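Chains as they are written, first to last, in the numbering used here: chain Y, 1 to 775; chain S, 1 to 484.
Worth double-checking, as some hints may not be accurate.
Pairwise CB distance ranges, derived in the manner of DEER restraints [stated by the list, open to error]:
id : chain 1 : residue 1 : chain 2 : residue 2 : range
1  : S       : Thr205    : Y       : Arg55     : 52 to 58 Å
2  : S       : Tyr345    : Y       : Gly217    : 50 to 56 Å
3  : S       : Asp259    : Y       : Arg416    : 24 to 30 Å
4  : S       : Thr257    : Y       : Arg416    : 50 to 56 Å
Under 8 Å between C-beta atoms, here's a sample of chain Y residues computed to sit facing chain S [said to hold, decoys possible]:
id : residue
5  : Ala11
6  : His15
7  : Val22
8  : Asp31
9  : Gly232
10 : Arg265
11 : Ser584
12 : Phe588
13 : Ile620
14 : Leu623
15 : Thr682
16 : Phe695
17 : Ser698
18 : His745
19 : Asp747
Reference listing, derived: stretches of chain Y covered by chain S, where coverage requires no fewer than 3 residues with Cβ under 8 Å from a Cβ of chain S [unchecked claim]:
id : segment
20 : 172-182
21 : 564-574
22 : 645-656
The set of hints was computed from the structure by calculation and includes no laboratory data. All of these numbers come straight from a predicted model, not from anything done at the bench. Just so you know, even glycine gets a beta-carbon here, dropped at the ideal spot from N, CA and C.
Each chain is listed here by its residues.
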Amino acid sequence: MPEAIKGGVHAALPHDSAHKHVSGEATYTDDIPAPTTVLHAYLAMSDRPHARLTRLDLTAVRNAPGVRSVLVAADIPGEVDIGPVAPGDPVLAVETVEYAGQAIFAVAADTLDQARAAANLAVVEYSDLPAALTAAEAFDQQSFVSPPSQLSSGDADAALSRAPRRLRGVFEVGGQDHFYLEGQAALALPREDGDMLVHSSTQHPSEVQKLVAKVLGRPAAAVTVEVRRMGGGFGGKETQAAQAACIVALLANATQRPVRLCLDRDDDMVMTGKRHDFTVRYDVGFDDNGIIEAIKFDYLARCGMSPDLSAAIVDRALFHADNAYYLGNAQIAGYPCKTHTVSNTAFRGFGGPQGMMGIEHVVDEIARTLGKDPLDIRRANLYGPGRDVTPYEQTVEDNILPELLAELEESSDYRRRREEIDAFNAANTVLKRGIALTPLKFGISFTTTFLNQAGALLHVYTDGSVHLNHGGTEMGQGLYIKVAQVVAEELQIDVGRVKITATTTDKVPNTSATAASAGSDLNGMAAQAAAREIKSRLISFAAEHFKVPEGEVQFAANAVHVGTNKLTFAELVQLAYLNRVSLSATGFYRTPKIWYDKENGRGRPFFYFAYGAAVSETVIDTLTGEYRILRTDILHDVGKSLNPAVDLGQVEGGFIQGMGWLTTEELWWDDEGRLRTHAPSTYKIPTANDLPDDFRVSLRPNVNREETIHRSKAVGEPPLMLGMSVFFAIKDAIAAVAGGRLIPHLDAPATPERVLMAVEELRARLAEGEREAAE
Amino acid sequence: MDMRNTLRFLHRGQVRSLANVDPTQTVLRFLRETDGLTGTKEGCAEGDCGACTVVVGRLQGERVEYRALNSCIMFLPTLDGCHLLTVEDLRAPDDALHPVQQAMVDQHGSQCGFCTPGFVMSLFAAYHSDLPPERQPLADALAGNLCRCTGYRPILDAGIAALSDKQPDQLAQDQSEVIRQLREIAPTDGLALENAGKHFFAPATSDELAALLSDHPDAQILAGGTDVGLWVTKEHRRLDTVIYLGNVRDLQTVTETPDAFEIGTMVTYTDAFDTLATAFPDMGELLRRLGGLQVRNAGTIGGNIANASPIGDTPPPLLALGATLVLRHGPDRRTLPLEDYFKSYRQTALAPGEFIEGIHIPKLGPHDELRVYKISKRFDQDISAVCAAFWLRKSGQKIEDVRIGFGGMAAIPKRAHQTEQLLRGAAWNEATMERALPALDRDFSPLTDFRSSAEYRRVIARNLLRKFFVETTTSSPARVLEYA
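Whenever a hint applies, use it, and build me the whole structure from the sequences.
Pasting the structure below:
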């Protein structure tokens, strides 16, 4: 057997920082040692959802002990607005506040306690303005952060009126806090010439660089942004990291001292955006077999007070309003509603999960209306031959769901368990069980086409060690190790020879956010291109030097064969150096094939789709609404995995996060528009005791038909939507209360309260029906 | 009173002696800001995420008991006489990872890594306990640690792997030296710290405590600190005088008499668990779900009563069991039924200078039933929307006596007197139960908040009485957590 390198592609390597994670040696932004002159920043917030600032007296703040600088919007040397795509996000409030939690002014002091205590001395007076707190309120006022958008195919109205059966309804799906364990953090270090180095816990260093430059009124080249790792991101550090970074940079600029800021949990949850909650209105037409013939959807998104990324998020919801199903005649409208709440933002799935929950609710309702097993209706509506064009006119070319669902139905023993559950439910009154199998199809690529580009930088040193840098950021998803594996494979050296380095704007410029699940697809390809460039220079050099044809220069495991000579990689590199061959290269990648015409709602926004399905079984307590997940089986498609250990972690973790979103994670605002669930004591993400009792997860063997990096598939976001199976299994158990004769209504998240209220409502209708029957 | 003015604890092989420290500075901030040890993380500053978990050893007779605690809400002087271990202390002298760390690497138990030091420390504490290497007990031990990335399966597998093959680690090898050092700094004397106008007292006996409290009736009593700690870390309040009960050994005893248990006020949930779970299985289940393990290792039953929260978890069962309190003021003691202790929202019958010395819990008689129900959004480490406890004494089919305690339904933990009245003396059957249900609406007018709507609370209260009836009269399964 030929020797192989350690840690090439497809190897199940641990996370590159695993040893540092477990020993506490991994450095996060707030752990970076700063000079003793470092100042601590604190942000003072609005406690009104919408108001004019009538008085802001900061005299006492400025005179408080330890205070070195106090900053309001008027003090900002450059631009005040840091909206990532469109304006609307002042880094500090100007004249009005538009959400409870909006930053009004910033303080830098010798200690954090001093900064906070000083901020509390401010005199702030408001004149309240009318506030819209829900999407429905804003929709009624036709108040949007960006224009509504629409996808349509066929003639939905005509087909609806022809359809044998029709259902209309409204479904609510809640938001979600990212709850990354590390809060938003930044450290700014002023340098000579007015330059600024900012350590920022961000998924998007290039954007932070751009925005810091903008608020400082300096060129982008004067600002360097670096991030080695984040303590979780999930989309929450794509745009939301910028504010902390801009504030520390402004304060550092004003004081010419280093300044740091790490939002504590409460401030972080109150001040920064979350997953959008949606109201979904639908009107669906279908036949007696449950086949959808036409559908009209209105997706109302609570966007908060500014555009942020909401237009693209609502678009992605619309792109996923089909999930895995052929809709025929569809008219799908999205409304980015402007509310006086925190500006909602990217969160794993980016609107896709909410889009999918809409159609999954509809399919579930169709099945229950017809008295059929929802799985049968789901399978009947899947994309298939002759039914393979999406509402945005992309042909689904790589659909594996019919086979995948059949495999999962079989391996999970779905039919037998369905019977067993029915028997249990017939015999028990307090406890009821339910089961649901939900598929997912998730489009991979930024739907804003130009973002699908990436760069990498590779240096080879004369000892044969390799320095790898690229535009992707590490938030725990294992991107760094995957890209290092790609480089190791290309150069046929052990992955230990590839030095992984922090993402920084002065090595690879103009990068896209690490988002849209595209991190390894884009950066893996860019790094491969850089490695191939160096490899090809080495091959040319070796062929010339040893006077052999280029075809006789071969990179084998930790060795290079040049004709009959065998050199180590380091020996060849040393030789190349002495012969003046450049050992540094950049790599670049742009995703092929994709385009999108937003005006007409058609194109190929996605390079390919990732697929998966999960089947979950639950038991609920019909007296309390409590529930437990008895078993979950997952079959998920990651193409040919770059790193199966990392991918399995993404699948499992994504599922649990999706389950949390749809079950216990409830964001609760009071009537004054203040978020009251802003810490783990009140906002409940899953714990180790919440995973299914029996948890069976498999990666489905597959090869991406598109030419992605080593034929792998993106894995960051799609598994989150596996959590839908839990929600619909809970609903299935509730439905058992009425023996399938009545349909319960369940909105997300399915908190124990929602579950119990759905049960109570169902029981009330049952009793009503019995009374009527008796009369 | 002659008291020591230097805080002493064992850290990284050395006895740390500190005189001038802010007494309400947390251990977490001390580690990160004073010592520059940044491995321990802040995730929430309220003891709900476990990212800041450290392990603290306390001398218990001939051995040291190591427990996981949340350093983010723990005041530095509460380390007096203890051995502090952090994630930086686990590698062997040859730099090898500790078995729990290695298992986390092998099982891919970290992704972003920010929660990881906390998990490692919880696993390290489990490694130094007799926890069986099984999923359920491990999940109970880890439910106070939140991870947002992995979904926990690999972390549980790491725990099972590490605990299945325990070898004496460095801490075990150093144990005799640690015990020697801890004996030298054992807090057998009182501690009095003063810094910038803030005072911290840690008396060593209850007599010393009684005297101190008489002298400082306005002092804030600090027990486990799982609530008081948050006044500082979340509300940023200044506490001028703190009297800490953790060094008072004679308040940490559990005594069993023929009819009752006497629980010292400083007995932690963890230390009370075996006794209470054996005598009252449902109370064991309640305690299993109270806070995370780090909170149960710090929090005390006395503290849970003393702070008089309407949503404290131990008052409902203690009300139902007919518990009484022993209150002490200086040399004087009085007893008070628990229900008379709660006056109005956060107001109690405690006089200035008085403290709860112990809790008297009557045992169950042969015809007594106790059921406790905690309803919350999440099973583990959540605060109840409603907590209910039903105690029933039957004589044949008749209800001889009944006590029902509710939390989350009023401004204080409260008995359902009108409902009890309807039940008392009646036959325990469905008609009686149905007749009593409407009385719950007369007993309670719950509020709406972010944990639950008033309506849900009202429905839950009725349904829990129904559930109690089902559970005491049939054998059909009625709890999702017991359903297998």
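Going through the hints against the structure:
For the pair S/Thr205 and Y/Arg55, the beta carbons lie near 56 Å from each other, so the given range of 52 to 58 Å is met. For S/Tyr345 paired with Y/Gly217, a C-beta distance near 53 Å keeps the hint of 50 to 56 Å intact. In this structure the supplied range 24 to 30 Å is violated for S/Asp259 paired with Y/Arg416, their Cβ-Cβ distance being about 53 Å. One distance hint, 50 to 56 Å for the beta-carbon pair S/Thr257 and Y/Arg416, holds here, with the actual separation near 55 Å.
With a least beta-carbon distance of about 13 Å to chain S, the hint placing Y/Ala11 at the interface is violated under the 8 Å criterion. Given the 8 Å rule on beta carbons, the hint for Y/His15 holds: about 6 Å separates it from the nearest Cβ of chain S. Restraint check, Y/Val22 versus chain S: the minimum CB separation of about 4 Å is within 8 Å; hint holds. Interface restraint check: Y/Asp31 against chain S, minimum CB-CB distance 4 Å, threshold 8 Å, status holds.
Restraint check, Y/Gly232 versus chain S: the minimum CB separation of about 4 Å is within 8 Å; hint holds. Checking Y/Arg265 against chain S by beta carbon gives a least distance of about 4 Å; that is within 8 Å, so the hint holds. Annotation: interface hint on Y/Ser584 violated; nearest CB of chain S at approximately 30 Å, more than 8 Å. Violation of the interface hint for Y/Phe588 is found here, the shortest Cβ-Cβ separation to chain S being roughly 28 Å, above the 8 Å cut-off.
Because the closest C-beta pair between Y/Ile620 and chain S is about 7 Å apart, less than 8 Å, the hint holds. The interface hint given for Y/Leu623 holds, since its Cβ lies 4 Å from the closest Cβ of chain S, which is under the 8 Å cut-off. Taking 8 Å as the C-beta contact cut-off toward chain S, the hint placing Y/Thr682 at the interface holds, the least distance being around 6 Å. Taking 8 Å as the C-beta cut-off, the interface hint given for Y/Phe695 holds, the closest approach to chain S being about 6 Å.
The beta carbon of Y/Ser698 is not positioned within 8 Å of any beta carbon in chain S (closest approach about 13 Å), and the interface hint is therefore violated. Taken as an interface hint, Y/His745 does not check out: its beta carbon lies about 16 Å from the nearest beta carbon of chain S, beyond 8 Å. Interface hint status for Y/Asp747: violated, as the beta-carbon distance to the closest one in chain S is roughly 14 Å, over 8 Å. By the rule of at least three residues with a Cβ nearer than 8 Å to a Cβ of chain S, the coverage given for the segment 172-182 of chain Y holds, with 5 such residues.
Proximity of the segment 564-574 of chain Y to chain S, defined as three or more residues with a beta carbon under 8 Å from a beta carbon of that chain, is not established by the 0 residues found. Residue count for the segment 645-656 of chain Y with a Cβ under 8 Å from a Cβ of chain S: 9. That meets the three needed, and the coverage hint holds.
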